[in-house]
Amino acid sequence: MITVSVQKLATIFVEIADTLVDEFDMLEYMHMITERVADLTETPAVGMLLAGHRGRLEFVAGSTENVTLVELFVVQNEEGPCLEAFHTGEPVVNVDLGHAAGRWPRFAPLAVEAGFQSVHAFPMRLRREVIGTLNVFGDTPGRDFGGDDVTVMQALADAATIGLLQERAISHGETLTEQLQGALNSRVIIEQAKGAVAQARGISVDEAFTVIRGYARNHNRRLTEVANAVVTDPHSLQQLLDT
Amino acid sequence: MVSRVVGLAWRGVAGSVGAGRRVAAVGDRVDMIRNLIEDQPFPPGGGVGLLFRVCTAATHTLAASGAGISMMTETGARGVYAASDPLTERIEELQFVLGEGPCWDAFSLRRPVLVPDLGGVSPARWPMYIPAVQDSGIRAVFSFPLQLGAVRLGVLDVFRRRAGSLTGDELADALVFAEVTMTALLDHHEQATTTGFGDGLADAGEHRAELFQAQGMVMVQLGVSIGEAMARMRAYAFAHGRHLDDVARDVVARRLHFDRDRP
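Going line by line, the protein sequences match chains A and B. Heads up: the first sequence begins at 1 in the numbering used here, then just goes up one per residue. Heads up: the second sequence begins at 244 in the numbering used here, then just goes up one per residue.
You may find that some hints are simply not true.
As the list claims (entries may be wrong) - Short derived list, chain B residues pointing at chain A, Cβ under 7 Å: (1) R353; (2) A452; (3) F455; (4) Q458; (5) G459; (6) M462.
What the hints assert, rightly or not - Which bits of chain B does chain A cover? Going by a derived footprint, with three or more residues having C-beta under 8 Å, they are: (7) 383–395; (8) 407–419.
I should point out that these hints are in silico values taken from the structure, not numbers from a laboratory. Bear in mind that the values here come from a model prediction, so they are computed numbers and not experimental data. Where a beta carbon is used, it is the ideal one built from N, C-alpha and C, also for glycine.
Using the sequences and the hints, build the whole thing.
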């Protein structure tokens, strides 16, 4: 059974609500959520997917971002807990991956191969609208969410949605579209920067992400801003490589 | 029959939570928009301008009064590149004359700026632009950046003479119009008769992350801009009769390397 620490939870809810700041970076925020949820649930991997304009669930942030994991998120456009949670608006929890091959013939074996035992997905809801999903992977058998924990996790996913869209500052659907499109484009910038750093350093794209993120943190700069500089300004790329 | 993709998820899913809804294939909408553009007549003044036809197709599809495409750069060079008609061209031009408006914001914020009712916007937001564009009879403006991650080339503006939001379908169409335009611009195909060659950027489907990673890698391999890197990958894919996402996967796996000396 997963036991959610009340103390950790309180801190996270405060952090999630703190988005009306000048330097709000949507991508940074999404990464923060996935990391906090991974920490809270003591699970090895948490990811966030948002619905793009083609009706696809697009991977936007992960507590870790290796290629295998990203594939697990992407394949869920076809089948998997995220697609189900997205379509029903209800959480999908405590699915034993070892016995899920019938339900998700493509997703389940991939997830098992990646070393996971269980999977959970929470819809990210704003009132009656579902804008994406939060995906939790477990690697220890028997660690299921209890009823209360599911309620807490769903509340967290909903609060994250409000924070993400800065709902308090907006009043209509247009802003939702604007923000999400902005976030999806930021994600593309990150991928471009990962490629550039991977090539220049002779490392993998996964390692490149760690380098870019580390640089942003050490220099107290926003992830998107650093990634953008890396791909638009050779001098910035060199600076990052020199550190 | 082209199946309609569920528009923006919240519009598609809003009110239908619990209903369960299957999402149509990615390529359908893109193909539909490409066909619409290619069916448009050529510009009246001669030439084969693809972007003019993007504007007329967008006007028609989005029930708009007009559409315009402006090119913008980081350093401030800017101008109207194409418009559906002379009046729309003047309206599009207004933003550059006044130095403010949704297209400026869409470009700088790197996201769409959707104004379904100009009358409902605080005058402080665009103090000169709002009265000027309203004088021309425009009630709603929707601006879509022509961008691909860090690459920014301009903005597609859609104008309407009546206030009101774009529907989910119209919004999805508009975003595809912007994407198709972006592809043509990246390939320097703005004067082409058809909507570019080979795969569109949207066709990468599952491999979108790899496509953009490969773009960053090719940028460094060739020492070119990030936009040019995509053009080179697309040209390579076309020349070798391969899918763009296969090429991207080979680049990321380091099976394929773009050299400065060889295309």
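Status of each hint after checking the structure:
1. For R353(B), the interface hint holds, since its Cβ comes within 7 Å of a Cβ in chain A; the closest pair sits about 6 Å apart.
2. Annotation: interface hint on A452(B) holds; nearest CB of chain A at approximately 5 Å, less than 7 Å.
3. Hint status for F455(B): holds, given a least beta-carbon distance of 4 Å to chain A, under 7 Å.
4. Interface hint status for Q458(B): upheld, as the beta-carbon distance to the closest one in chain A is roughly 5 Å, under 7 Å.
5. Residue-level restraint check for G459(B) holds (minimum Cβ-Cβ distance to chain A is 3 Å; threshold 7 Å).
6. Taking 7 Å as the C-beta contact cut-off toward chain A, the hint placing M462(B) at the interface holds, the least distance being around 6 Å.
7. Counting residues of the segment 383–395 of chain B whose C-beta sits closer than 8 Å to any C-beta of chain A gives 5, which meets the bar of three, so the coverage hint holds.
8. Given a C-beta distance limit of less than 8 Å, the hint that chain A covers the segment 407–419 of chain B holds, as 5 residues qualify and 3 suffice.
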